[in-house]
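There are 2 protein chains.
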Amino acid sequence: MDEFEIIRRYFARESSGEGIRVGIGDDGAVLIPSRDCDLISVVDTLVSGIHFPETLAPADIGYRAVAVNLSDIAAMGARPRWMTLALTLANAEPVWLDGFARGLFEAADEHALALVGGDTTRGEQTVISVQIIADVDTGKAMLRAGAQPGDAIYVTGTVGDAAAGLSILQSGLPRSDDVDYLIRQFTRPAARIEAGAAIASIAHAAIDLSDGLYADLEKLLLASGVAGSLELADIPLSSQLTNLMHEDDALRFALAGGDDYELCFTASAAEDKIADIGESAGVAITRLGQVLEGSGLKCTRNGDEYDYQDAGYRHFN
Amino acid sequence: MDEFEIIRRYFARESSGEGIRVGIGDDGAVLIPSRDCDLISVVDTLVSGIHFPETLAPADIGYRAVAVNLSDIAAMGARPRWMTLALTLANAEPVWLDGFARGLFEAADEHALALVGGDTTRGEQTVISVQIIADVDTGKAMLRAGAQPGDAIYVTGTVGDAAAGLSILQSGLPRSDDVDYLIRQFTRPAARIEAGAAIASIAHAAIDLSDGLYADLEKLLLASGVAGSLELADIPLSSQLTNLMHEDDALRFALAGGDDYELCFTASAAEDKIADIGESAGVAITRLGQVLEGSGLKCTRNGDEYDYQDAGYRHFN
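Here the protein sequences come in this chain order: A and B.
Counting along the first sequence from 1, when you hit position 34 you're at 223 in the working numbering, and nothing is skipped either side.
Counting along the second sequence from 1, when you hit position 213 you're at 402 in the working numbering, and nothing is skipped either side.
Everything labelled a hint here was simulated from the structure, so no lab data went into it.
The structure displayed is predicted, hence computed values, not measured ones.
C-beta: ideal position from N, C-alpha, C; glycine also.
Treat the hints with care, as some may be off.
As the list claims (entries may be wrong) - What follows is a list of derived Cβ distance ranges for each label pair:
#1 N280/B with A334/A: 55 to 63 Å
#2 E295/A with N432/B: 54 to 62 Å
#3 E194/B with A334/A: 14 to 22 Å
#4 S360/A with D287/B: 39 to 47 Å
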């Protein structure tokens with residue numbers, strides 16, 4: 190099976206998405222942008238054995254590869270439009286490719302995202318780069334910069350679940366409903382596209398949680414040139430997580446674990462307005478900190494200073 | 190050196206390009222599209238040891254990674270705008286990264302192409318995916334489909350040089366001016382952006398030559414639903430190539446070698462108009478065949494039928 194056959198068999202679906210003049214099969218895709226919009230361009234790579242266990246189901250790998258990119262789009266309050274795939278494989282196994290493509294299209298179809306091109310190559314290890322182009326009303330993209338002293342800090346959903354799920358996958362804890370829930374947060378992360386679009390009207394700054402709550406919130410504060418405080422007791426933890434482990438361990442996954450793909454943002458809007466936005470987007474929004482003047486991120490736990498040393502996920506360390 | 194440090198030190202230049210609201214450093218880049226344009230999206234991956242020798246100079250690798258993508262943009266007659274880079278590395282060597290970034294920006298700067306985002310990851314082997322967004326006047330992109338019976342088939346520049354250069358790099362032929370010239374066609378391929386834009390007004394169909402003249406012309410004919418004939422004696426070969434080898438070997442590199450990144454196109458315009466376009470774009474344009482009714486690509490050599498068996502480059506064979 191050569192690269193053209195792989196593309197034809199697994200990836201060249203009829204492109205039904207809006208805004209596509211020419212999809213897969215020419216030198217490049219020809220796309221029709223919406224008027225009065227900025228474009229958002231993101232790319233994220235998953236490497237086998239680094240970003241996911243080699244034994245992960247191919248459909249989960251395909252789903253994740255799209256979802257982690259959609260999460261960046263969500264963090265800017267944008268609408269995903271078109272996707273390309275750069276896929277490097279050690280060998281072209283039909284069963285793997287079939288599952289991978291199924292998961293990839295599942296994640297894409299949830300947000301009317303169209304695959305419009307790609308490149309399939311051979312290598313020693315599976316490397317998956319997905320690139321997404323999105324759009325957003327001109328000048329309306331949410332950025333990391335913009336947080337203001339006095340803003341409250343919020344997060345969508347619960348944090349720590351995906352990192353705990355990955356840890357469980359690797360350690361092989363016996364399966365249970367709680368365990369299955371956590372694993373699923375790692376294998377099938379929900380990109381907060383609707384929530385991102387909904388909070389865009391009130392958020393001063395936003396980021397998605399890929400490297401851990403502490404590290405990502407630090408990045409937002411640094412980009413905004415402000416300081417922040419984080420109350421550990423307010424971090425939203427799922428019952429599935431706290432059923433399985435001591436709160437200290439749950440907090441460790443939440444702060445440093447990464448892979449949550451929830452949104453963290455700052456705003457000065459009234460609490461009931463924030464709650465309404467969460468309700469309309471179908472996700473809980475929790476206040477867990479405050480933006481301050483200065484620089485750095487300090488933690489408290491039940492009001493007492495808490496000396497947290499971050500060990501968030503970083504490549505090449 | 191972690192991924193953020195790599196990006197900061199080697200890739201996060203001040204984005205001075207037009208149409209960039211936010212460049213590297215946020216969840217995604219925010220770009221301002223031109224009015225009345227279609228977008229072109231392309232992606233191409235280079236894998237170490239597959240698409241280039243592991244010993245190739247890092248600056249050449251960086252240059253090539255951009256140039257092969259620019260070539261796809263050229264084949265559509267479009268203007269390159271924004272680029273993202275997905276870079277997977279076994280280790281982060283400063284000397285390699287410095288050279289790679291230098292070559293990458295050299296190729297980008299030749300066409301005012303701005304790097305606006307990327308992802309740096311760790312893996313067993315170097316894998317480089319570059320993605321470029323370009324624009325072209327609405328509805329004016331050159332496609333592979335559109336060749337019409339009666340069209341002449343043209344190619345820019347000379348073909349076979351890059352494949353011969355790669356072969357020489359691998360076999361270690363003694364250096365000479367001719368040898369250096371051919372190697373440079375592989376290490377520093379010139380994307381035909383200006384020629385692509387110039388021929389867009391008269392070409393019925395176009396493709397860039399990445400997999401070899403025969404295989405790529407076959408793709409163009411197939412996409413257009415037509416047949417073609419190719420006269421081997423008319424294939425433009427460089428004196429550097431024919432100085433070093435018998436014409437039969439030179440033709441083998443030209444037909445099956447790949448990596449030329451010249452443009453092959455069909456048109457029915459007058460010969461002198463074609464010549465004028467080549468002159469204005471600074472590249473020779475050579476007529477080497479004819480579009481016919483039917484399907485398939487037949488070769489002649491000095492007018493006699495020539496039974497050519499293609500072995501163009503394909504992954505996963």
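Do the hints match the structure? See the list:
1. N280/B and A334/A have their C-beta atoms about 32 Å apart, which leaves the hinted 55 to 63 Å range violated.
2. Against the hinted window of 54 to 62 Å, the Cβ-Cβ separation of E295/A and N432/B comes to about 56 Å, which satisfies the hint.
3. The given range of 14 to 22 Å is respected by E194/B and A334/A, whose C-beta atoms sit roughly 20 Å from each other.
4. About 40 Å separates the C-beta atoms of S360/A and D287/B, a value consistent with the hinted range of 39 to 47 Å.
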